[in-house]
Amino acid sequence: MDCGLDVGSTTCKYVLCSDTGEMIAQRYERHGSKQAEKVLEFLVELEERYTFTPQRDRVFLTGSGAGVIAPLIGGKVIQEVVAVAAAVERLHPSVRFVSEIGGEDMKTIFFKEHAGSKNKQVFMQSACSGGTGTFIEKTARKLGVADQLPRMRYAGYTLHKISSKCGIFAEADANTLVKAGVSIEEIIASLFEAVVYQNLATLTKGNTPLPEVLLLGGPNLFFAGLQEAWRVHLRRLWQERQVSLPAGRDAESLVLVPDNALYYAALGCVTLGRSEPPQVGLYQGYGKLRWWIDEGQHEQKKREGSTGLWTTAEELEQFKRHYQSPQRPSHARSTPSRALSACVIGCDFGSTTAKAVCLSPEKEVLLTCYALSKGNPIEDAKSLFAQIQAAGVRQPLGVGITGYGAELLKNIIGADAPVVETVAHAAAALHFFPDADCICDVGGVDVKILILKNGTVSDFRLNSQCSSGNGAFLQGVAERFDIPLEEMAQRAFAARAVPTLTMGCGVFLQSDIVNQQRKGWQADEILAGLCRILPLNVWVYAGGLNNLAAVGKKFVLQGGTHKNLAVVKAQVDFIRSKIPDAEIVVHPYSGEAGAIGAALCALERWESGEPTRFRGFAVIAGLTYRTTTAPATVCTWCPVHCQRTFIDVEIPGGKGRAWSKVPLPEGWERVIANNSCPKGLVEDVNELRAVKAELERIQHAYPNVAEMVRKQAFRPYAP
Amino acid sequence: MPIPMWRRWFGSKPSAPTLHKNRAAIRVGIPKVLNIWSTHQFWLGFLTALGIRPSNIVFSSDTSEEQYREFGKGWGTVDCCYPVKSISGHYGELLFGQKVKIDLLLSPMIYSLPSFLQGHVIDTLSCPRVMAAPENIKSGFLKERDTFAATGVHYVSPLVSLGEPQLVPGQLYKALRDVLGLDKQETARAVAQGYASLEAFNRKMRAHAREILTWCAREQHPCLLMLGRPYHMDPGIGHEIDVDLQAHGYPVLWIQYFPCDADVLEWLFGAELRAGQIRSPFDISDVWSSSYSSNTNEILWGAKVATRCPWITCVVHLSSYECGMDQPTYTPVQKIVEASGTLYFKFGDLDATKPAGGVKIRVQTIVHYLRKYSQTLIARKLAWLPGPCPLLTASEDSSPQRVEADSGIPARTAVAG
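So the protein lines, in turn, are chains A and B. The numbers in our numbering rise by one with no breaks, and the one at position 537 of the first sequence is 537. The numbers in our numbering rise by one with no breaks, and the one at position 381 of the second sequence is 381.
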C-alpha cells in the first residue's frame with residue numbers, strides 16, 4: 001500500500017491507496033498546531049485499521065510540516081505544487097488552470113500544450129495572507145459567522161471595496177463596513193470577491209486561466225460563495241478575452257470542484273511515489289515519531305529558543321503581586337444610586353466594544369458598563385444608555401464621547417464633549433498619573449502610543465494597519481490553539497522555554513508561528529513567544545520609536561491587551577531593559593480609559609457652567625434608523641468612488657434632505673459613513689456649495705499666509 | 001580615480017541652439033517645486049524684464065499623485081526625498097500637459113538662497129540634494145532617448161547662487177545667452193529686476209502677516225506658526241495641514257513671511273540684545289551653531305520667535321519623509337518652542353500618501369489643546385514681554401508697511417471662535 005500524507009499549516013490529510021492505485025481510505029483533520037501528534041494519530045489508525053505495515057508499505061509526504069516528519073517515519077518528501085500537478089494531470093487531463101487555496105498559501109498551475117508536449121507553469125505565494133483561506137476565516141470569525149461560511153453566498157449581493165492585499169487590512173475594512181450598517185452577507189460576498197481578485201491579480205502573471213478550471217483546497221471546496229465568485233470572474237474574463245469555450249459547454253460547467261479537492265496533494269504524492277524505486281519511502285513505523293513528540297522536539301527546541309517569560313518563581317510571584325490587581329482608587333460605591341443622581345457620562349465607542357463610565361463631580365468612577373459592539377453604533381449606544389439608566393442615572397450633568405463612533409453619534413445622542421481619542425486617553429492617564437510621560441494603549445485592532453508633554457499629547461503613533469503588535473492577533477493565535485482568552489496569561493507563564501519569533505508584519509509572524517510549530521513548539525510556548533515579541537512590535541515596529549529613553553520615565557499601559565499579565569510582564573521587562581529606572585504602571589481602568597477621559601472633558605465643560613445638550617434616555621431608547629448602501633450612495637467626488645453608507649436616524653427636529661438622491665423626510669437626520677476622506681461626508685453638489693461657502697467664510701476671517709502665496713506668488717507681481 | 005570636479009558636474013553644458021523666435025513669443029515652463037516656492041517672483045521678474053510675456057511664463061501645477069501618475073510615471077528616477085522625486089511629474093506635465101507647447105524648460109539648480117537671515121548666519125545654502133535635483137530628474141527623461149529633443153523643448157538648468165547676487169548675472173548669462181540671445185548688460189538688469197520683484201512680494205507677504213498678527217493682538221486671538229521648508233506650502237508636499245487647522249478658526253503664519261519690522265523684533269528680542277545674549281534679533285548662534293542651511297536657519301529662528309510671540313500659541317513643524325536636513329532640527333526646535341509652554345506638534349515623514357486618518361486625528365488633537373491652553377499661554381507670554389505691544393500702539397500712518405485693502409482681514413470679524 002502507498003500512503004500520501006499532506007501535513008499543512010492548519011490541517012493534516014492522508015490518502016491510502018492499494019498497490020493497484022485505488023483509494024482505500026482518506027481523512028482530513030485540523031491539527032491545532034500539533035502536526036506531529038496528528039500524524040502519529042493517523043499512523044496508528046492506518047496500522048490498526050488498514051494493516052499499514054512498516055518495511056512493506058510506503059509513505060510520501062508533502063506540505064509545510066513534511067520536512068520534519070518524513071525522516072522520522074522513513075517517508076519521502078514531495079514538493080506540494082509538484083504533487084498537486086501530478087494528481088491533476090492524472091485525474092483531469094483536460095484541465096488547463098488550477099487554483100489551490102490553502103489555509104495560509106495559494107497556488108496556481110497553468111497547463112499549456114505546446115507542440116504536442118504539455119508543460120506547466122506554477123505560481124505560489126505563502127508570504128502574505130491576501131487571497132488565502134485565513135483571509136476569509138479571520139474576518140468571518142471576527143464577524144461571528146465562521147461556521148456559517150460554507151453556506152454563505154456570493155452572487156446577487158452588493159459588493160464593497162475590501163482590501164484584498166492583506167488579511168489585516170481586510171479585517172479593518174470589514175469592521176468599517178459593519179459600523180456603517182452593511183450586512184454580514186454583503187461583507188462575506190465582498191471577501192470572496194477579494195480572494196478571487198487577489199489570486200487572479202498576483203498569481204496569473206500575464207497568463208489567462210483557460211477552461212477547464214479546477215478549484216482545489218479547503219476554502220475552494222467548502223465555501224460555495226467562493227466557487228460562485230470564481231465562476232463569475234472566469235466567465236467575465238473569458239468573455240473579455242474572447243476565449244472560445246468547448247462546444248456545448250457553458251462557463252459554469254467548465255469550473256470543476258471535485259469532491260476530494262482536499263486530497264489532491266496527498267494523491268499526487270502517491271502518484272509520484274509509485275514511480276520511485278521500491279525502497280524509497282519505505283515506512284519505518286511510528287516509534288521514532290513518538291520519541292520525537294515525547295522527547296526529541298524538546299531537545300531541538302532548547303537549542304533554538306530562549307528561556308520563559310520569567311527566570312525564578314520568586315521573581316514571577318513578586319511581579320504578580322505587584323501587577324495582579326491594579327489598585328483602583330477606593331470610592332463611595334455603597335450608595336451608587338444617590339451618587340449617580342449627579343454625574344457625568346463618558347462613552348468610548350471602540351471597534352470591538354462600546355464602554356461607558358459615570359463620574360462624580362469629584363472625578364470618582366461611579367459606574368462602568370460596556371456593550372460588545374454589534375457593528376452598528378446606534379445599537380451600541382442604545383444598549384449602553386439603557387444600562388446607565390437602569391443603574392439609576394436620571395439626568396447627567398454632561399456627556400462626553402470618544403472613539404470611532406463618536407463622529408457618528410455626537411449629534412444623535414446630544415454629546416457635550418465630543419473628544420478625539422488621543423485627548424481622551426491623555427486626560428484619563430493624567431488624571432490617575434499626573435506625571436505620566438507616555439501612554440501605551442494596545443487595543444483589539446490598534447496600537448496607540450501617546451507621548452505627553454506639558455499636559456498635552458505632544459506626539460503620538462497610531463497604528464491600525466499592522467496587526468503584529470495588537471491584541472486581536474494574539475487573540476487570533478490563541479483561538480487557533482483553542483485557548484480561552486482568560487487563560488492566555490496563565491498558559492504563557494507555563495512555558496519554560498520560548499521560541500524566538502521575528503519582529504514585524506503580522507502575516508510574516510503568522511508564517512513564523514507555523515515554522516515554530518513545525519519545530520515542535522507548543523501552543524503555550526508560542527503564546528509566550530508572542531507576548532515576548534509584542535513590546536518590540538508595539539514600540540519599534542508599529543510605533544517607530546527606536547529611542548525609548550527619549551520618551552520619558554513613567555509609562556502607563558492600558559487597553560484590553562494589557563489585561564493579559566504575560567503581556568504586561570514582557571512590556572515591563574522590555575521597557576526596563578531600555579530604561580532601568582522606568583516606572584511602569586497599568587491603568588486601573590485599563591479598558592475604560594477612553595470613556596473616563598471623555599467624561600473628564602464633559603466635566604470640564606460642566607464646571608465652566610455650560611448646560612448639557614443630552615437628548616435624554618427616552619429619545620435614545622426610541623431611536624429608529626435605517627441604512628442605505630446602494631449605487632445612489634456612492635461618492636463621486638473623485639475617481640475612487642467609495643461605496644458610502646447613509647444611516648438615517650429619526651430624531652426630533654431633524655431637517656431631512658428632500659433634494660437628495662436618497663430623499664429624507666423632515667424629522668430625520670443623515671449620517672454618512674464609509675467615506676474615506678472628509679469630502680465624502682458631503683453628499684453632493686448642493687451640500688458642497690454650503691460647505692464651501694462656510695469654509696471660505698472661515699478662511700476669510702482667519703487668513704493663512706500660505707493661501708496668499710499659493711494664489712499670488714506664481715503670477716507676475718502687481719504692486 | 002580622479003575626483004569629478006565641481007565644474008564637470010555643474011559647469012557649462014553643450015550650448016543649446018538659439019530659439020529662433022522673438023523673445024515675446026517664447027514660452028518658458030518652470031517646474032513649481034522645491035526652492036522655486038521661495039524664489040518664484042525672482043524668476044517672473046527676471047524673465048519679464050528680458051521681454052518674455054508674463055502670459056508665456058508657465059509654472060507647473062501643484063504636486064499631486066494624479067500629476068505623477070499621469071505625467072511622471074516612466075520617467076521616474078531614484079531619490080529618497082519625496083519633494084525631489086515628485087519633480088518627474090512636474091517635468092512631464094510641462095513637456096506633455098500644456099495646451100500651448102513650451103519652448104524652454106527652465107529648472108534652476110539653486111545653490112544658495114536669498115534670506116532675511118543673511119548677514120546674521122554663516123551661510124544660506126540650499127540642501128545639496130534639493131540643489132542637484134534637476135540633474136537627477138533630467139536623467140529620467142534621457143534614459144531611453146532625449147525626450148526634450150523629441151518634444152522640441154530646450155532644457156536649461158543653470159546653477160545659480162541666489163544668495164550671492166553679484167554672481168547671478170554671470171551664471172544666468174552663461175546658461176541662457178545662446179538659447180535666448182542675451183547680452184551681459186540686459187542680463188544684469190533683468191537679474192536686478194528679479195530681486196526687486198521678489199523683495200516687493202516678500203514685503204507684501206510680511207505686511208499681510210503683520211496685519212494678521214495685529215488682528216490677533218487686538219482680539220487676543222491665538223494663531224499658528226508653520227515651520228517648514230518653503231515647498232511645504234505646496235498642497236501636494238505639505239498636504240494642506242495648515243488649511244485643515246485654519247478651518248478650525250485659527251489664522252496661520254509661516255516663518256518665511258514673519259513680519260521682520262524693527263518695532264516687533266525690538267519688542268520680542270530687545271532685552272536679550274541689550275543683555276548681550278544675542279548680537280541681533282536675527283542671531284541664532286545661541287541655539288544653532290552650524291548655520292549653513294538657509295531653510296534650516298529660518299526654521300530655527302522661527303522656533304525662537306514662536307516661543308516669545310504671545311499669540312503664536314502653537315507651532316506646527318512639517319518635515320518630509322526621512323529629510324536629512326530636518327532630522328537634527330527636531331529636538332532643538334521642540335525644546336525651544338516648548339520652553340515657554342508654547343504647543344509644539346510635528347508632522348514628520350510626509351510623503352505621497354496623505355496620512356488621512358492620522359492627519360485628521362492630529363488636527364483634532366491640536367485644536368483641542370489650542371482651545372484649552374491658548375488664553376493662558378497668551379497671558380503668560382504677554383507678561384514676560386515689556387510694555388505695550390508695538391502692533392497695537394503703532395499708529396495707522398507710521399505702521400511700517402500698510403497693506404492694500406485686499407489683504408483679507410476685516411477690521412473686526414463677528415465669527416465665533
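Keep in mind that a hint or two might mislead.
[Stated by the list, open to error] Here are some of the chain A residues that sit facing chain B, going by a computed Cβ distance under 7 Å:
id, residue
1, Gly74
2, Val77
3, Gln79
4, Val82
5, Pro418
6, Leu430
7, Phe432
8, Pro434
9, Ile698
10, Tyr702
[Unchecked claim] No more than 25 Å apart at the CA atoms, straight line, and that leaves these computed lysine to any residue pairs for SDA-like:
id, chain 1, residue 1, chain 2, residue 2
11, A, Lys453, B, Asp62
12, A, Lys711, B, Ala379
13, A, Lys578, B, Asp62
14, B, Lys335, A, Pro211
15, B, Lys360, A, Gly414
16, A, Lys554, A, Lys711
17, B, Lys372, A, Ile184
Keep in mind that the hints were calculated from the coordinates and are not lab data. The beta carbon of each residue, even a glycine, is placed where N, CA and C say it ideally should be.
| Any hints this thing doesn't respect? Which numbers, in order? | Going through the list in order, the structure violates hints 1, 2, 3, 4, 5, 6, 7, 8, 11, 12, 13, 14, 16 and 17 and respects the others.
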